[in-house]
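**Student:** Protein chains in written order, with my numbering: chain A, 1 to 451; chain B, 452 to 700.
In case anyone wonders, no lab produced these hints; they're calculated from the structure. Among the hints, a few may not be true.
Label pairs and their calculated CB-CB ranges [said to hold, decoys possible]:
(1) L6(A) x A523(B): 28 to 34 Å
(2) G533(B) x R254(A): 41 to 47 Å
(3) A526(B) x H418(A): 24 to 30 Å
(4) D530(B) x R3(A): 27 to 33 Å
Here are a few chain A residues that face chain B, going by a calculated C-beta distance under 7 Å [claimed, not checked]:
(5) P245
(6) A247
(7) R447
Glycine is no exception: its CB is placed at the ideal position from the N, C-alpha and C atoms.
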Amino acid sequence: MNRPTLLTGWGRTAPTAAHVVRPRTPAQVADALAQAGPRGALPRGLGRSYGDAAQSAGGLVLDCRELTGPVRLDSDRGTVTAPAGTALGRLAAHLLRRGHLLPVMPGTGYVTLGGAIAADVHGKNHHRDSSFGAHVRSLTLLTPDGRTRVLGPGLADADLFWATVGGMGLTGVVTEATVAVRPVETAHMRVDTDRTADLDATLELMSRHDDAHYSVCWVDLLARGRSLGRGVLTRAHHARPADLPRALRADPLRLSPSHRLTAPPWAPSGLLNRWTAGAFNAARFHGAPERRRGEPQPLPSFFHPLDAVRGWNRMYGPHGFVQYQFVVPFGAEDVLTGIARDLSRAGTPTFLAVLKRMGEPVPGPLSFPRPGWSLAMDLPAALPGLAGLLHGFDERVLDAGGRLYLAKDSRARAETVHAMYPGLPAWREVRAKADPAGVLVSDLARRLRLL
Amino acid sequence: MRDSVGSVRTVLLLGGRSEIGLAVVERLVRDGAREVVLAARGGTAAPSVLTALGATVHSLEFDAQDPDTHTATVARGVDLVGDLDVVVDSFGVLGEQADYEADPASAARAAAVNYTGHVSAGLAVAARLREQGHGVLVVVSSVAGVRVRRFNFVYGSAKAGLDGFAQGLADSLHGSGARVLVVRPGYVPTRMSAHVEPAPFPATPGQVADAVAAGLRSGATTVWAPRVLQPVFAGMRLMPRALWRRLGR
């Protein structure tokens with residue numbers, strides 16, 4: 001066995017060591033699963049989960065990034081079939097050249113297809129189109145007993161399909177999936193931007209414009225007093241050729257090379273603190289137009305603005321950062337304002353707070369999105385008192401009937417998460433049938449006692 | 452498992468009645484630990500403060516002078532609580548230098564507790580931490596081992612050995628996901644040191660525990676308690692031998 005490798009999530013906290021293998025084919029996945037020792041095995045993709053979801057201390061980690069191969073677009077049926085290691089950014093670029101797009105695009109293109117299913121990722125269109133899992137037509141799941149199953153929402157074993165959607169890689173290894181695609185006429189978005197004066201105005205404006213296909217608000221949680229929660233709301237639709245400047249109309253599906261889904265290889269380390277984050281937030285707020293309509297924007301800059309800075313997670317320094325994301329039902333806006341007020345008061349260097357409206361959920365018992373408001377924010381892990389502050393937030397979110405996102409969690413208590421996911425016992429039953437020997441295990445699962 | 456804000460779920464204390472060790476455990480429980488194993492000869496009762504804070508406390512038989520049992524002791528700890536997130540290694544005896552000089556056999560027994568017991572226990576713990584791919588072994592060393600003094604050289608030499616062992620163990624664990632935190636307290640007024648005259652720069656067990664908690668958070672390899680002892684002992688190491696041996700304390 002090779003030497004263990006230290007793994008962390010994207011937040012770069014709490015490293016643990018595991019033996020890593022890189023299967024290239026489903027057969028190699030099955031072999032690797034059969035070789036798992038007493039500490040179990042776990043699939044991992046591009047490592048963009050913020051917390052400990054894709055690490056398994058002392059175990060065998062299947063790095064599935066090389067589980068790639070040809071992509072098959074079926075434009076008649078409106079589906080694409082791809083190996084699970086395909087990165088969504090690459091898949092999107094491939095589809096775009098052929099006039100199609102994935103129905104859900106998360107905030108980064110560096111997510112594998114398998115990872116997108118396991119975390120049931122969502123995008124800026126959740127209020128309209130639900131999460132990634134809602135568009136999966138079928139998937140191939142390899143379970144530790146060596147069986148290969150083709151699962152889908154309308155096929156046999158639908159309960160295992162939904163346990164896999166949002167199941168954090170703990171039901172088996174997805175090796176291939178077929179996902180619905182949407183036709184697009186251009187590689188651009190038509191974006192409306194509005195600046196809002198405070199959190200109430202932000203919430204009001206977001207509630208009013210429910211018709212936008214994509215909608216997201218960046219919120220300044222460092223602003224104090226009456227400006228607290230001021231934001232920059234962007235709403236967008238897919239641009240039609242007529243929406244584009246004349247120069248782009250000739251080849252509307254083409255992206256300029258600078259907008260390809262690649263990134264410059266730089267990122268300073270340890271740059272972010274309360275002062276730089278405050279200055280950045282203020283600059284971002286004042287730099288945004290107060291009101292702009294119909295601005296054409298290339299698809300990658302709209303969906304994946306952070307991908308432009310490779311390794312931006314290093315900006316939080318050696319201790320890394322925690323991403324805190326929760327959803328609370330509509331009507332629980334006081335939880336949002338309370339948390340925003342406490343963060344502002346504590347002067348926490350909150351960088352990148354993102355507010356979204358969430359719509360219809362999928363039946364996956366561990367799938368995160370629920371109708372309501374979702375707020376996500378990055379916080380430096382070394383912040384004194386962070387543990388207590390966030391545990392307090394957990395209680396408020398739970399009391400309001402909300403929940404935390406497992407793909408981002410790295411510090412919640414097991415009891416809290418169990419209360420937030422009432423479907424957990426049902427999920428455990430389904431999982432136990434697919435993995436009776438309990439081979440699949442992650443640090444997240446151990447910490448939160450999911451299994 | 453240590454989480455992203457530094458909390459752990461389980462703690463094993465080798466030397467279950469050690470005041471410094473218990474202070475560290477209490478601190479970790481306040482920070483979120485929920486399962487505690489106290490390992491001591493003859494077992495030990497759960498301090499009420501730990502149960503009041505919501506921890507489940509298990510008692511485990513542990514004899515520092517019986518190295519043949521140490522691997523099994525660690526395994527029993529794992530049976531009780533699962534993965535060992537933090538192991539605090541803080542057993543030891545202080546004794547009187549004059550008594551040791553009068554009874555060399557008693558000096559050897561004390562050295563066995565203060566040094567060789569840590570070798571077998573430390574290696575048994577390290578093997579488990581390496582296997583589980585994470586975890587921290589906190590070794591309570593002492594400034595007495597940084598430069599051994601005439602007035603307590605039996606104790607000091609064992610601590611010097613322990614300190615060197617812990618550093619070597621830390622290096623051997625590099626890259627395994629597990630690590631060692633060496634703690635070097637100065638004079639700490641406890642039951643064990645009740646017969647010794649106070650020395651400069653004392654620290655309470657609580658202060659040592661705070662230093663350990665900070666070290667666990669920051670990923671430090673060594674903590675001094677209080678911190679001022681690090682520069683003080685850097686100077687002490689340079690002191691001429693003729694002067695050093697005349698120091699009373």
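**Student:** Now tell me if each hint is right for this structure.
**Tutor:** Hint-by-hint comparison with the structure:
no.: 1; hint: L6(A) x A523(B): 28 to 34 Å; result: 30 Å, holds
no.: 2; hint: G533(B) x R254(A): 41 to 47 Å; result: 55 Å, violated
no.: 3; hint: A526(B) x H418(A): 24 to 30 Å; result: 29 Å, holds
no.: 4; hint: D530(B) x R3(A): 27 to 33 Å; result: 28 Å, holds
no.: 5; hint: P245; result: 45 Å, violated
no.: 6; hint: A247; result: 47 Å, violated
no.: 7; hint: R447; result: 5 Å, holds
When the structure is compared with the earlier hints, violations turn up for hints 2, 5 and 6 and for no others.
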